[in-house]
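Peer 1: Fit chain F to the known structure of chain D by using the hints.
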Amino acid sequence: MELFTLTDIIKNSTALYPDNEAFKCNDISVSYKELDIKTNQLAKCLTDLGVKKGDRVGIYLNRCIETSIAIYGILKAGAAYVPLDFTAPHSRTQYLLDNCGIEFLVTSKSQKRRIASLPDDDFSLKGIIGLNQDLPVNRISWDFVFNSNVESFTHPKITEGDLAYVMFTSGSTGDPKGIMHTHGSGLNYAKLSANLYKINSSDRVANHAPINFDISTFGYFSAPLAGASTVIIPDAHTKFPMSLANLMEKEKITIWYSVPLALIQILLSGALDKISLNSLRWVLFGGEVFGLKYLKEFIQRWPNVTFSNVYGPAEVNQCTYYNFNSLSETDAQLPIGKVWDNTEFKILDDNDKEVVKGEKGILVIRSGTMMKGYWNNEELTKTSVYEEEIAPTFSHVYYRTGDLVKLNENEDLIFLGRKDRQIKLRGYRIEIDEIENKILLFDNVIEVAVVLVNNGSEEKELMATVLIKPNTNVLSKEIKKYCQKHLPIYAVPSHIEILESFPRTSSGKVNRKKIEEILEAL
Amino acid sequence: MKNILINYISEQVSDDFSDQEIDVDEDLLGSGILDSLGMMKMIFFIENEFNVSVPPEDMVIENFMTIDHICNYLSGK
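Residue numbers (the numbering used here), protein chains in the order written: chain D, 1 to 522; chain F, 1001 to 1077.
With the rest of the complex left out, here is chain D (with noise of 0.2 Å):
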């Protein structure tokens, strides 16, 4: 059949595949025709408590199962899901709510503390799916919805502009915003990424992301577009390294996706000289910039593994890749690659025009997989695109990344950092991403950390927190020392502070934020 919707994924795979596994979590799992049936239970549910086309349901869920379920009851409702964090702060989940306009939450057992300690306020909400604890709210267990008649559910219309999630970026700065994605960008991403990684029905792909992350879609939507299968990998194994390492060899995973940060954790814990990953043959990574050091390492581990460095902001999902079996030597930089098909870019200049080839400047995409904008902030979405004008009532609309980038000899792009994470100090302009990856060079260095910070006086001071392996002595003054030598004089951080473990936003991204206030308060 032809797809044109998210939703269309579980019907086509249910036909072709019934019977593979289609999710499984902590040694649970849903063939398609069950996720099918699951699915229809819980939108005939969602409706009869009176979600509408368009409305936003909230997911309140940790890593499990349900979150499978979830996804594709809410969408065949013909509503768009909201993941929330489930560890945010309630202030932070209540602006979600309520921006978002949420009644109605998809939630588990797991969660019934969080839930029942949610402020009145909040309920507002009219309906829960998944606790049968005492609340103010209607209320609706998984086992009411998994014995539900679905054979009066009439399933509503989809088509592939309608509105499928609206993900909040972690917001480690400002205002959290919500990317909203149709079912159509969202279709158009996990047939890219299924196309460009080849995943046939036999694949098991582990999904290491919480669904408030948007790699999460590769595992969620890419995967069962094939008929494959997603290991949701349980949260307390995010943070055993050696079980994570454990998990994948049992579960045979063949494709990995993550952040840089897991799989390094992984090779730090040892793990890897205990375990075999025959079937490992992709391994993609994304979010962050990879240390090569590392990288080396896993690619000389695993000689029959193909690698791919993700890039793509949320707005767009995914847009370039860069795929590579091995590293020259004289690699200083791992290129973000080239964008994808359906796809189009440009390097502009802080005046909108575009630099001679091999300059640096702003990056700009224009794909299939871009978003409709942010919700219910049309100031934003208008300043966060550029439009080219073709003619007089047409223009093509790219959406502006902020991320520097040039190309490189192969046609390549190579990432230079985040705009706004270059800063002038005393007149000079400073890349931050840039003395970042020369700190990362440092021995036994795994992550760094530079930020601003407030002194109290007028000038603001450049600081780095550093990361160390455990069980080695990293002293500060010989990173500075390092420094000192590396950089130039302006760029030396006049404090470097060791720090044994780094704030973390739920992505697992670096909460600059809060280190910023960490060194603020030294």
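Read the hints as simulated data drawn from the structure, not as lab findings. A couple of the hints might just be wrong.
[Unchecked claim] Capping the alpha-carbon separation at 27 Å, the derived lysine-lysine pairs in DSS-like fashion look like this: (1) K1002(F) with K109(D); (2) K514(D) with K1041(F); (3) K514(D) with K177(D); (4) K346(D) with K424(D); (5) K1002(F) with K469(D); (6) K514(D) with K481(D); (7) K424(D) with K338(D); (8) K109(D) with K1077(F); (9) K1077(F) with K274(D); (10) K198(D) with K296(D); (11) K112(D) with K1041(F); (12) K1002(F) with K112(D); (13) K509(D) with K1041(F); (14) K126(D) with K198(D).
Peer 2: Below, chain F alone, put in the same frame as chain D:
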């Protein structure tokens, strides 16, 4: 031992949780009761409180996923 752990964890959780007592078979990370930093702190607490050392090879979910798991692990030390 069980009660010491329950008390310790209850003191750590934020106000965003209702004050129902923590179940011994509750997934400490999946429920959001502990995050990775909280888990590290708890292991540190266990080492001090029960005078044991937790070597890196013991850092697996089978030993730390729930209070039951932790008690089993510690009684085997």
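Peer 1: What are the numbers of the hints the structure violates, in ascending order?
Peer 2: Violated hints: 5, 7, 8, 14; rest satisfied.
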